[in-house]
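Residue 27 in this note's numbering sits at position 27 of the sequence shown, with consecutive numbering throughout.
Keep in mind that a hint or two might mislead.
Cβ-Cβ distance ranges computed for the label pairs, FRET-style [unchecked claim]:
1. Lys-56 / Thr-2: 33 to 39 Å
2. Thr-2 / Arg-27: 34 to 40 Å
3. Asp-57 / Ser-4: 31 to 37 Å
4. Ser-31 / Thr-8: 32 to 38 Å
5. Thr-2 / Gly-82: 19 to 25 Å
6. Ser-4 / Gly-82: 33 to 39 Å
7. Asn-29 / Ser-51: 30 to 36 Å
8. Ser-31 / Ile-64: 17 to 23 Å
It should be emphasised that the hints constitute simulated quantities derived from the structure, not laboratory data.
Keep in mind that this is a model prediction, so the values were computed, not measured.
Don't be surprised by glycine CBs; every beta carbon is placed ideally from N, CA and C.
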Amino acid sequence: MTISGIITAIIIGAIIGALGRLFVRGRQNISILVTILIGIVAALLGTWIASLFDVKDTGGIDWIELLFQIVLAVIGVSIVAGMGGRKQTTP
1 MTISGIITAI IIGAIIGALG RLFVRGRQNI SILVTILIGI VAALLGTWIA SLFDVKDTGG
61 IDWIELLFQI VLAVIGVSIV AGMGGRKQTT P
């Protein structure tokens with residue numbers, strides 16, 4: 001992987017992660033770094049799932065692939081934000 005590939009992955013991860021956070025209700029107490037990591041993972045998994053359904057490369061914008069990526073980012077943000085918000089209290 002080249003430097004430009006890494007930079008592209010970070011930029012795409014930031015965009016997908018931000019879109020994931022946009023669709024999650026409420027406030028998420030997660031850092032921008034975690035958001036970018038979630039976005040990168042969601043982008044990679046979304047591309048893989050799109051290739052399984054043979055919709056990875058379509059004419060124009062790959063809307064279905066993008067939808068997979070955003071849905072996975074929403075799920076990832078929800079899981080990570082939910083994990084940070086749970087605190088054990090003793091009666």
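Status of each hint after checking the structure:
Taken as a hint, the range 33 to 39 Å is violated for the pair Lys-56 and Thr-2, whose Cβ atoms sit roughly 21 Å apart. Between Thr-2 and Arg-27 the beta carbons are some 37 Å apart, a value that agrees with the proposed interval 34 to 40 Å. Our hint of 31 to 37 Å for Asp-57 and Ser-4 is violated, since their Cβ atoms are close to 20 Å apart. Taking the beta carbon of each, Ser-31 and Thr-8 are about 21 Å apart, not inside 32 to 38 Å as hinted.
Distance hint check: the CB atoms of Thr-2 and Gly-82 are about 36 Å apart, inconsistent with the given range 19 to 25 Å. Distance hint check for Ser-4 and Gly-82: the Cβ-Cβ separation is about 35 Å, which falls inside the suggested range of 33 to 39 Å. For Asn-29 and Ser-51, the Cβ-Cβ distance of about 34 Å falls inside the hinted range of 30 to 36 Å, so the restraint holds. Distance hint for Ser-31 and Ile-64: a CB-CB separation of about 30 Å, inconsistent with the stated range 17 to 23 Å.
Going through the hint list in order, the structure does not satisfy hints 1, 3, 4, 5, 8.
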